[in-house]
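Take these sequences, add in the hints, and give me the full structure.
Going down the list, the protein sequences come from chains G and U. Everything in the first sequence is counted per my numbering, starting at 25 for the first residue and increasing by one. Everything in the second sequence is counted per my numbering, starting at 9 for the first residue and increasing by one.
Simulated from the structure, these hints should not be mistaken for laboratory data. Fair warning: this is a prediction, and the values are worked out from it, not measured in the lab.
Below 35 Å or equal to it, Euclidean Cα-Cα: the simulated DSBU-like pairs (lysine-lysine) are:
id : chain 1 : residue 1 : chain 2 : residue 2
1  : U       : Lys88     : G       : Lys121
2  : U       : Lys160    : G       : Lys198
3  : U       : Lys160    : G       : Lys200
4  : G       : Lys31     : G       : Lys115
5  : G       : Lys198    : U       : Lys88
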Amino acid sequence: MRIPEAKDPVAALRTALPEAVLYAKDFRGETTIVVHPQHLVAALQFLRDTPGLVYNFLSDISSVDYYPEPPTEQRPERFAVSYHLLSMLYKRRIRVKVFVAEDEPEVDSITSLWPAANWLEREIYDMMGIRFRGHPDLRRVLLAEDWDGHPLRRDYPLGYEQVQFSFNVEEIIKHKPLAEE
Amino acid sequence: MGVSAKLGNLGVVTTTLEQAVNWGRTGAMWPLLFGLACCAIEMMATQASDYDLSRFGMELNRASPRQSDLMIVAGRVTRKMAPVVRQLYDQMADPKWVISMGDCASCGGVYNNYAVVQGVDEIIPVDVYVAGCPPRPEQLIHGIMTLHERVKGERISQWA
Ligand code: SF4
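Structure (structure tokens):
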């Protein structure tokens, strides 16, 4: 069987789903396509199933919080979720990115395309607080179940105590909640 | 002249109840088999033949809290692990002691963040702190000796 010629993913996606692509950029040979959240699942399915693209392996899902900086045109919302795909056939990678609003941090789950996305999305929900619509079992995966907040958000307090040195140890001990027998 | 001297070598010694009990407690203080992070590697080295904790009556680390007297908290305690540590401590039979081994267990160490308890003394009472990252086996043994000295000094009135 002949392997079909590799296609340019950005051009192919632009032709097939013109309303999905917001913009695409190249940085040091890495391609990023920013898509509209509504068309995320369709775009990923297109990249996976089209001959000539076959991005069939989901290497990772990651999320970003751009908190202190105000939104820009290139970066319209506070959060972003990136999907890192690998085409095992053509040995090349692509990154698909969606921006997620702060007041309603929710994107469509892609567990229907890749079951491997299950725990990756749970981790993002756990650490970043972005919910995934249609996820079969959206619970915390790393932190304790009764945890407050989402620690990877940049407005989450880093710790609850100052670093202890000999000059401030007395001050810290005063407030330390020491355990009872 | 005490009774022992009068009786010659009949094999009788006199002592106080306090001393006999404290001798028994220090002479067979078995630690709980339980490590949390990198410090546990040094604890294993302390237990192994080079440093040989059996010299001090700690023949082996018991894998059950019901059979152990000493909890060596070896490593950082995350907030997810904290309830488990507390439960293990509650399951140990009295009398029981706790050594906080290493900077992480004592005060959070370099992990000053949301995920790590800033000192295991926030969840269980600690008798001896051992500094170091990680403490060498000699330091841990010194900590254990310090605890033994403390236990030998206990009085009946302090026994629970
Ligand atoms: S004190 Fe150092 S060696 Fe011990 S658990 Fe912490 S980081 Fe690891």
